[in-house]
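Given the structure of chain A, go ahead and fit chain B onto it with the hints provided.
For the record, the sequence lines run as chains A and B.
Following the numbering used here, the numbering of the first sequence begins with 272 at its first residue and continues without gaps.
Following the numbering used here, the numbering of the second sequence begins with 28 at its first residue and continues without gaps.
If you're looking for bench data, these hints aren't it; they were derived computationally from the structure.
The structure displayed is predicted, hence computed values, not measured ones.
Each residue gets a CB set at the ideal place from its N, CA and C atoms; glycine is no exception.
Any given hint could turn out to be false.
Between beta-carbon pairs, the in silico distance windows are [said to hold, decoys possible]:
id : chain 1 : residue 1 : chain 2 : residue 2 : range
1  : B       : Arg-190   : A       : Gln-535   : 25 to 33 Å
2  : B       : Pro-249   : A       : Ile-428   : 54 to 62 Å
3  : B       : Tyr-193   : A       : Ala-396   : 35 to 43 Å
4  : B       : Ile-50    : A       : Leu-406   : 52 to 60 Å
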Amino acid sequence: METAIATITTFLAASVRMAAPLTIAGIGEACSERTGVINIGLEAIMLLGAFCGFMVTFWTASSGLGMLAGAGGGMLVALLHGVLSVKCRANQNIVGLALNFLVLGLTSFLFLKAFGQSTVLPTCATVPTRAIPLLSRLPILGKAIFNQNIFVYIMLILVVGVSALFYKTEWGVNMTAVGEHPRAADTAGLNVFRVRYMACALNGLLGGLAGTYVTLAQLGFFMEDVTAGKGYMALVAVILGRRDPLRIMLASLLIGFAEAMQFQLQTMGIPVPSQVFSTIPYVAAVFALLFSIGKSRDPAALGVPYERARR
Amino acid sequence: MSKQFRAAISYAAIAVCSLLLAILLILLVGCDVGKAFYGFFNGILGSSYSVAEVFVKAAPLILAGLGVAVAFKSGFTNIGAEGQLYMGAVAFTATYVLCPGLPKAALLALGILAGFLAGGVWALIPGALKARFGISEVINTIMLNYIALGIVGILLQTALKDRAQYFPVSPTLDDGLGFSRLLKGTRLHSGILIALVCAVIVYFFIFKTSMGFRLRAVGMNPRACKCMGISVSAGLIVSSLLSGGLAGIAGVGEIAGLHHRLIGGISPSYGYLAIIVALLGGNHPLGVVIAATGIAALQVGALAMQRAANVPSAIASIIMGAVVLLILARKTLFKRLLREED
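Isolated chain A (complex conformation) (with noise of 0.2 Å):
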């Protein structure tokens, strides 16, 4: 019975760190969504926060550093994608598309540029885990959210904070009306572009801060391609979850679960292919497409630029 609960925490603790990242990028992609951009770059975005954030940290040793600077990161590559989006009209997708490689290139560029070619990886201290004092006492629940690095609490605070802005504030209202209808809300009075811009750079903030939990929680160095499609896996999130913050980090939990069970069953020797497991949730997130038929609709302008002088 111990060992049992001990295994469940252990399980739970580890669902829940994976699905930090995914939540913090995913709630970012959504605030931008909700305003009509959808920025397929979100691997862009979390690649080079990972790679800034780990640069800042290595040079200075402080991981809070490193972290603004990751956030500082992402919000460069999301603002790019931002201008071209809305001031260029670009097509949005294929905007993300190039940044992706754009960002891959460069910061691969940049570390071998940084450090040369050596065998030896540089490498970081990783952020510690910090426990809250009364509630990690809790039973199961307590180690599993309680007892946990800065990421796991970030993703808390946001989830709440970012659900009281969609739902409570008039910003949020403005940006549902900017992303459903952007020639009413002009008209109301909203400048449609600043009202896109904030929510594109709100989403590089976010995203790149998701990508430093990859270097500075996880893995304390970093190496080519180090995110390796979890941005892809935090527009998942934004899908199963339907845009709205706590359903994105319940998403992101079940997608952090099928890795720990992933990661579980290779330990124990257990001859299932892992590939069996990460599928699961880009088949989920195609059903959920396909269920959502009528139920939830995207933001009518999303993905479409905005022109003021045209009729």
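Same frame as chain A, now just chain B:
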């Protein structure tokens, strides 16, 4: 100045910008620019092997790029060429594993058909979902890329695994059953010829048949099509099937012409590069062939430059991304130049 001339100037400016970016990056790593460029061009044109290598890489890019272009023509944003390519490769591998003893011609005909259908069906899923329910194809095609990769991984450990091998690889295609070598001492195979034939077929289909016309019409103005009695769903379904099928043939070529067995990672992002190829090629078959050859040369050259002058080959990825972004921003960047004088 004529309109075309102004457009040409803007594209030339983009080319100069990219070249300057390349020089800047080379200087950043502290390399000799002349040596780096010599390494780049020598790596492409230096020997018959290197020239052949460009076309080895161009073949899948042309096929997948044609596929993406056909999809874009009908307004179907196909980001799933990568998965469709892998499904084509799986289908060809399954064909020669399941039907041993077939003569070469029969095997290749059956294998290419199977690859076309597998890739086609893989694109038809998001295509039909868009046509029938209006579900956005962008996310679905990306998801299906990852699902295809998962399927490849699972099959390589189960049904298609070579039992004699420790690593997850499929049984090897028997000698002499794959695509023929075109040049001795190089890796060039007849996949490039198939790609060029497909480019011609796609050109005639898109621009010279009524189905092709309807397909383009659906891409330009779906609402007008509905009013004129052109079926938007039919257009989407045909274009997605054809689009995925072409990417599937690219996958067949990688197995039949190059690797001769299915392994993980046969495609170094060909499916994603294909989207850039279609964009740079203006969704026109001839443009696609030129753009695919250019991108292939860029990749081969960048690898050679890394060997010759120690410039990281990641530079190719940076340049490609930057060129696409500049082209997307072209109309805003060159607003003054491109403005009509009326």
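- Which hint numbers doesn't this structure obey? 2
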